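If you follow the hints, you should be able to join the two separate chains into one complex; please do so.
For the protein sequence lines, the chains are A and H, in the order given. 118 is the number that UniProt numbering gives to position 118 of the first sequence; each next residue is one higher, with no gaps. 70 is the number that UniProt numbering gives to position 70 of the second sequence; each next residue is one higher, with no gaps.
These aren't lab readings, by the way, just hints derived from the structure by calculation. Take the hints with a grain of salt, since some may be wrong.
[As the list claims (entries may be wrong)] Here are the simulated DSS-like cross-link-like pairs (lysine-lysine), alpha carbons at most 25 Å apart as the crow flies: (1) H:K96 <-> A:K15; (2) A:K39 <-> H:K96; (3) H:K45 <-> H:K59; (4) H:K130 <-> A:K39; (5) H:K90 <-> H:K157.
[Unchecked claim] Stretches of chain H that chain A covers, calculated by requiring three or more beta carbons in the stretch to come under 8 Å of a beta carbon on chain A: (6) 90-101; (7) 214-225; (8) 280-291.
In this text the structure is predicted, and so the values were computed from the model without any measurement. Glycine included, each C-beta is placed from N, C-alpha and C at the ideal position.
Read off the chains here:
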Amino acid sequence: MFARRLYSTASSASKSTTQILDVSLKYVPELGFENALVKGIRELGYSDAAHSVFPQGTFNLVQHHLKQQRLALSKSAAELPTSTPSHNILSSLVKSRLRANIEVLGSPTRLSEAISIMTLPSNLPGSLEELHSLSDEIMYLAHDRSTGFDWYTNRGSLSAIYASSGKFRSSDSVFSRNNCSIERRSYYYIASL
Amino acid sequence: MIVKRALARAQKQSNSLRFLNCCNTAITGEPLGFVRRPYSTEGSKTTHFGFKTVPEDEKEHLVKHVFSNVASSYDYMNDAMSLGIHRLWKDHFVSKLDPGRRAGGSPLSFLDVAGGSGDIAFRILDHAAKIHGDHESVMNVVDINPEMLAEGEKRSKETPYGNTSRINFKVQNAEFLDAIPDNSQDIYTVSFGIRNFTNIPAALATAHRVLKPGGVFACLEFSKVDNSILDTLYQQYSFNIIPLLGQVLVGDRDSYQYLVESIQRFPSQEQFAGMIQDAGFTLAGSGYENLSFGIAAIHTGVKL
Numbered sequence: 001m002f003a004r005r006l007y008s009t010a011s012s013a014s015k016s017t018t019q020i021l022d023v024s025l026k027y028v029p030e031l032g033f034e035n036a037l038v039k040g041i042r043e044l045g046y047s048d049a050a051h052s053v054f055p056q057g058t059f060n061l062v063q064h065h066l067k068q069q070r071l072a073l074s075k076s077a078a079e080l081p082t083s084t085p086s087h088n089i090l091s092s093l094v095k096s097r098l099r100a101n102i103e104v105l106g107s108p109t110r111l112s113e114a115i116s117i118m119t120l121p122s123n124l125p126g127s128l129e130e131l132h133s134l135s136d137e138i139m140y141l142a143h144d145r146s147t148g149f150d151w152y153t154n155r156g157s158l159s160a161i162y163a164s165s166g167k168f169r170s171s172d173s174v175f176s177r178n179n180c181s182i183e184r185r186s187y188y189y190i191a192s193l
Numbered sequence: 001m002i003v004k005r006a007l008a009r010a011q012k013q014s015n016s017l018r019f020l021n022c023c024n025t026a027i028t029g030e031p032l033g034f035v036r037r038p039y040s041t042e043g044s045k046t047t048h049f050g051f052k053t054v055p056e057d058e059k060e061h062l063v064k065h066v067f068s069n070v071a072s073s074y075d076y077m078n079d080a081m082s083l084g085i086h087r088l089w090k091d092h093f094v095s096k097l098d099p100g101r102r103a104g105g106s107p108l109s110f111l112d113v114a115g116g117s118g119d120i121a122f123r124i125l126d127h128a129a130k131i132h133g134d135h136e137s138v139m140n141v142v143d144i145n146p147e148m149l150a151e152g153e154k155r156s157k158e159t160p161y162g163n164t165s166r167i168n169f170k171v172q173n174a175e176f177l178d179a180i181p182d183n184s185q186d187i188y189t190v191s192f193g194i195r196n197f198t199n200i201p202a203a204l205a206t207a208h209r210v211l212k213p214g215g216v217f218a219c220l221e222f223s224k225v226d227n228s229i230l231d232t233l234y235q236q237y238s239f240n241i242i243p244l245l246g247q248v249l250v251g252d253r254d255s256y257q258y259l260v261e262s263i264q265r266f267p268s269q270e271q272f273a274g275m276i277q278d279a280g281f282t283l284a285g286s287g288y289e290n291l292s293f294g295i296a297a298i299h300t301g302v303k304l
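This is chain H alone, in the form it adopts within the complex (with noise of 0.2 Å):
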């Protein structure tokens, strides 16, 4: 027993120096495995990564360097995971959503957030074109992330929107969002990956901001399982299968160590609609629509 978790935590080490090194120079300056601590480092102000504390404007680098590590893989990695289904909750999103210029309407602008790779803002410009023939309007993809967004415009080659003015990819901190004005955006989407902005709140704030009266914030992250029994069989397969997947099919084991943290650490459906009320949107109903009976959820606000 005390060997096999002896032999677990060197072969931890050596598959992760890579990524630890980098994460734990950087914390506490010591290039070492898995150091837990549960007080924070300096006195700055800290937040989770997983189940991890960091130094709040560490997070953003060790984000950015996940999601640098998984950018080319990441598709294929989402339908290992969630075994193709959360296609259908992406389709579900959109359609639930339906975007597009209605008749005698001026055209829309979207902006998908932390959308690099595309998968949303292909979807919306599709939806629009074939539902309602809209043809004009705009999106905008933003992400933190350059290498996810490096992937998002490769793929939007293969697309009709691919080097037309109809569909623009910058690199944004989605809790400044520099370069999008006040009151400019009809739908803000954002769809996992809300969970691993540093400061949601600001966020939300942000997408108030930019949002036209009227507007609508669009909210698609994993959630908490309504029920127990479901609840503790998806949380084995988080916590056992998940990183074992990520480190058997793409040799990276830590960025889907960190996935399935992060989604442990996100705030439920309840605390989540809370905080997009509290940012000064109206939500639908309860404001959130549970997807594979809370695996995923989708949070609706508008702001009106």
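For reference, chain A alone in the conformation it holds in the complex (with noise of 0.2 Å):
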């Protein structure tokens, strides 16, 4: 009973937690991020105080959308030819998670609103982090073989090109204009490598 736990028993505890965060996300386009978390609760019958096993609120729902869509990379590129070179394999793991952002989350206005969220000083941290994890994900599955400084400069560099690519799209400006640029950017990129 007053044992220190030397395992990680939050297996059992993100269960319930995780169904409140898939059945919200669905309700995002139409009601935005507060509201969606708030219908969540409600639909699966726990009271309205239970918004209080999200400590940030709604910075948790964001969360969870971003490591979905990170998870989902791995199936993306297993559906790749296996012949893609790097940067190819690249630009489409970049444009697939940017298209990504806008089928789930609905239009840009919710991306931009998701986008305001993750900058509030408080959920910044938790935002690199997750900007970090995806840009290693998304290097990983290119095949990236650096080592030393490069590992890092090469995610660093993925992140700033994710982020700015991420920024563009959120004030739905013209789709084709963007992607070009994201392969451009991209090819430059690992052709210095």
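See the structure below:
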């Protein structure tokens, strides 16, 4: 009873919280993050007070979305033909990730809402951690074999490319122009390695 | 040195006769001063009362006695001991909990346990009204001690909730909560009360019973200071200054000696978070938040 747990008991706890987050994500396109969370909690029959299980509120919902999309990347990478060169895998993964943002969140307004939640100072460390995990995942799936300091610069640059493209997309601009810019940037980048 | 100690002991005996006669007569049948017994007095189960070991069935009575003594000067002593910081802790506790009916939902039911004086109860109702415009949620205040509850009822008359149906006062034992039905409360709060309970796991299990699915258990309590230097200073302050303050300001050293000893006895943040999880609650993150370097901590668990 008084023992300190040496193993993580997160699994049983997160099952019910993940369930709430999954249900809430479905309502994000129509209601926005704040109301979607409330609706998700109510739909599962829990008291309104259950929002306390998310200490950072709507940011936990945004984080859940980011994590789901990052884990889905390995599936998209598996669907590409095996002979694709690195920079093509890179650009196609970044594009599919950006596309997923719009698909799941419904519209650029929800995406800009997510970005504004992510850039709140108290949430910034969490957002940056997710961004770095994302660029790490993409680089790994693009068969990056760099070592030493290159490992860091690659991922840092990819984070910058991804973040600026994402910001560009959230303002509802022309998609095709943005697509070319990602390909151009990733090509130049890989070529410089 | 010896003379000083003898004098101190004599003074302790004369000042504390009222309190000690009661508890020592109950335990040993002899009306004497402090008698520390390292073994249990009867064959029954024992528990701790500060640094003393007492039979379990006596602890409730002893705690009741402590709080009957301090009821009228409770807030005054709290201010003196914590230099007013306890108000900040309680404000933070309530704003973190963020109680109140959300748009499109039904009125909530709050339960404040061992909250006789009404500190947290009034803060919760005010927060709900101010931040969420909730004028319908109901607050139930329960306490094992009728004097503390009477104090709370007296104070509630000065709030807008005074004689309305929005606030109810009941004398209840937190380990049973007989008058509270299952799955009926949205928020269960206990502020600086749980360390006095005889059987904390039973109280946690009862909290789990009375909360609705999705309901929150929130506990504000003294805890272990995380920094060892600060901890030394804090211990010095607790054991030397607080009982002295109790003696000087309200003439009751022993109740405050019990207070600091019971703080020392309370489990650490991780241990208590483990107990909350064992009772069936889901923790948010690590389950606790330290206040003032760990002097106090807020533990939260949700019934999911």
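Looking back at the hints listed earlier, which ones does the structure fail to meet?
-> No hint contradicted; all consistent.
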